[in-house]
Amino acid sequence: MAQIEIKDIRKVYRVDTEKIVALNRINLSIEQGEICCIFGTSGSGKSTLLNILAGLEKPSHGSVLIDGHDICKMSEKKLALFRQKNVGFVFQSYNLMSTLTALENVALPLQFRGMDKKKRNKYAMEMLKSVGLKERMKHTPNQMSGGQQQRVGIARAFVARPKIVFADEPTGNLDSKTTKEVMEIMIHLARKHHETLIIVSHDRDIAKYADRIIYIIDGNIKSDEPNESVLKN
Amino acid sequence: MKFRDKLSMCLGNLYKRKVRTLLTTIGVVVGTCAIVITVSLGIGMQMATDQALASMGDLTLITVYGYGISSDQTQLDENFFQTVKENEHVVAAMPSISPEWGSMKITGGNNGRYVYESTINGVFMEDLEAMGYTLREGEWPETFTDDMILMGTNSLYDFYDSKKTTNNYISSWSGKDPFVNLDDRFELMITVPEDSTKKAPTYRVQPIGIMEENYNLQPSSSYSIFISYNAMKEWITEYKRLNGIKVDRNETLKFNSLVVKCDDMNNVAEVEEWIQSFGFDTYSMETIRKPLQDQARQEQLTLGALGAISLLVAAIGITNTMIMSIYERTREIGVMKVLGCKINDIRQVFLMEAAAIGFMGGLFGVLISEGVSFAINHFGSGVTGESWEIVSGMATGSTSVIPWWLVVAALIFATLVGLVSGIGPANRAVKISALTAIKQDS
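As you go down the protein sequences, you meet chains A and B in turn. Numbered per numbering that gives the first Met the number 0, the first sequence finishes at 232, counting up by one with no gaps. Numbered per numbering that gives the first Met the number 0, the second sequence finishes at 441, counting up by one with no gaps.
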């Protein structure tokens with residue numbers, strides 16, 4: 000069985016009396032260590048799919064099995080614990096805690112797990128080193144550039160060695176040069192620890208970093224195929 | 000999350016919004032001050048009342064009178080004395096028996112020239128000291144014997160010159176010495192019928208001292224001579240025998256009065272009511288103490304209510320601050336949730352923040368109250384008015400009293416107020432959907 004099994008997912012929003020189908024019977028399976036890009040235009044339903052996969056939203060129908068556990072049936076409390084143990088998250092707008100330093104931000108998921116300060120700072124330090132921000136560890140987010148902030152965000156997503164990392168338009172706020180840096184770091188980290196990385200993007204340049212591109216239009220999977228440019232390499 | 004991490008997160012959040020934290024805290028400070036100071040004034044008042052009462056006499060004493068009891072009722076006698084002594088709130092009880100008027104007299108001076116025919120009370124001589132009697136002259140003996148007598152403050156003046164028919168008294172306020180003094184020879188004489196052939200028996204008695212006058216004590220310390228209860232009991236029997244008074248074998252010797260000492264003034268009402276239920280008349284300071292204390296309590300309640308209102312306002316302030324803080328932090332809370340922070344941890348951080356505001360407010364409130372209390376007590380006469388100063392000055396010399404328990408209670412209370420004010424906002428925080436929170440624009 001694959002690490003992630005998406006079965007017959009349907010998501011319908013109700014706006015007044017009108018029904019809007021965001022996702023229409025999606026079936027997918029993603030293996031451990033795969034780097035996928037969920038690709039589509041805005042309003043295609045790709046973000047909704049990511050939210051459902053990460054347990055942030057419940058589907059109207061269907062199930063999401065992660066390592067055999069149906070996350071759609073979990074309570075809020077269980078989901079929090081599940082995310083704590085299995086999931087990392089990279090946001091488009093970084094979402095760093097403005098009062099915390101880079102090091103503290105990276106250590107946050109470990110702090111939520113109840114790890115003591117010395118230990119978690121050690122791990123966070125290593126993570127910051129691997130995203131190239133060792134010198135910035137004492138800085139707060141507003142003392143850093145967008146690219147640096149996103150690198151901190153990436154370090155935070157990977158620090159707890161999650162099984163799956165979700166990235167929602169991770170480079171949406173970055174210029175092309177920084178985008179390249181950030182993407183490379185993210186791919187490198189995922190490959191290094193054989194972690195599943197699921198990127199949501201509307202950008203073809205981003206999609207080409209993935210092993211597999213899942214193209215979504217109007218809530219349906221239009222195509223789901225290996226990335227040829229990656230295969231060529 | 001570890002407690003330390005939660006605490007540092009909580010303090011960090013408070014520090015981040017220092018101005019608002021400070022202003023909210025000031026609200027609590029004012030509320031705490033209002034309560035602590037008003038309560039401390041109330042306590043000062045209470046202490047003044049208590050001391051004023053204490054100066055009136057022993058508040059734990061109940062006098063039970065033996066008058067006006069019909070024969071089918073419980074009698075004020077040794078049986079009832081035993082019943083009373085078994086009550087858990089009674090620490091001591093002292094009966095007093097008196098001979099029939101005219102049945103006994105005490106003579107003193109040259110050949111019994113000076114005669115005392117006033118009140119003689121048979122009491123537990125060894126218990127007098129514990130009941131609050133003090134001596135103006137003489138000392139309490141180590142062991143008591145049946146021939147000892149104790150003079151009332153003015154009893155020596157009650158000895159009259161039996162050799163004269165006029166001008167045979169010396170008044171106690173005349174400034175002159177009485178006919179007799181403690182070194183004289185005193186004898187107790189039991190009277191016999193005038194036609195009797197029997198000689199009136201006399202018993203040598205020895206005065207041990209003179210009592211200090213104390214109007215609060217029963218039997219009277221002023222106009223009475225005390226003698227051993229057992230001796231008096233025998234002499235009464237002797238008198239009855241000599242005078243041919245028949246005694247029913249089942250009839251017990253009835254007390255004049257019975258003085259009961261309770262363990263605490265707060266139990267006086269209960270014991271007094273219990274004794275009254277047997278049909279006896281009683282007297283205690285309770286009738287004076289209760290209205291005074293009720294009044295003091297009333298004033299304390301009024302003052303406390305004013306304080307409570309200001310703390311309520313402070314509580315609303317805390318709730319408001321926390322709600323504002325949640326609106327500002329919606330995104331932050333959402334991110335924490337997405338990163339796997341447990342819901343209870345989020346709730347606890349919020350509750351701790353609210354409680355911390357309450358605690359800090361309480362702490363500074365108590366400190367400031369101590370200062371204000373000091374100021375009231377040292378420069379307060381102008382503020383509180385002279386009439387108040389007379390009452391309080393007489394009693395304690397201070398008008399505001401902050402005991403340690405008030406400090407502790409204020410701290411706990413202020414913290415609780417914070418905590419309770421934080422419950423609503425904290426629940427609101429945990430209900431924030433992670434998704435909507437992170438979607439919100441920064």
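Mixed in with the good hints, there may be bad ones.
[What the hints assert, rightly or not] Computed far set for chain B versus chain A, every beta-carbon distance over 12 Å: (1) F2; (2) N12; (3) Y66; (4) V83; (5) L134; (6) G174; (7) N266; (8) M323; (9) E331; (10) D344; (11) A433.
[As the list claims (entries may be wrong)] Capping the alpha-carbon separation at 20 Å, the derived lysine-lysine pairs in PhoX-like fashion look like this: (12) A/K118 with B/K1; (13) B/K1 with A/K121; (14) A/K72 with A/K57; (15) B/K1 with A/K76; (16) A/K117 with B/K15.
Derived from the structure by calculation, the hints contain no laboratory data. If you're wondering where the values come from, they're calculated on a predicted model, not measured in any experiment. Positions of the beta carbon are idealized from the N, C-alpha and C atoms, including for glycine.
Each hint tested on the structure:
1. F2: About 10 Å separates B/F2 from the closest Cβ of chain A, which leaves it inside 12 Å; violated.
2. N12: Non-interface label on B/N12 violated, nearest chain A Cβ at 8 Å vs cutoff 12 Å.
3. Y66: Holds: least Cβ distance 77 Å, greater than 12 Å.
4. V83: Correct as stated: the minimum Cβ-Cβ distance to chain A is 65 Å, above 12 Å.
5. L134: holds (74 Å)
6. G174: At about 88 Å from chain A, B/G174 clears the 12 Å cut-off, so the statement holds.
7. N266: holds (54 Å)
8. M323: holds (17 Å)
9. E331: violated (6 Å)
10. D344: violated (7 Å)
11. A433: Violated, since 5 Å does not exceed 12 Å.
12. A/K118 with B/K1: holds (13 Å)
13. B/K1 with A/K121: holds (17 Å)
14. A/K72 with A/K57: Between A/K72 and A/K57 the Cα gap is close to 9 Å, so the pair holds against 20 Å.
15. B/K1 with A/K76: Status holds; Cα separation ~17 Å.
16. A/K117 with B/K15: Violated - the C-alpha atoms of B/K15 and A/K117 are around 24 Å apart, more than 20 Å.
Comparing the model with each numbered hint stated earlier shows that hints 1, 2, 9, 10, 11, 16 do not hold.
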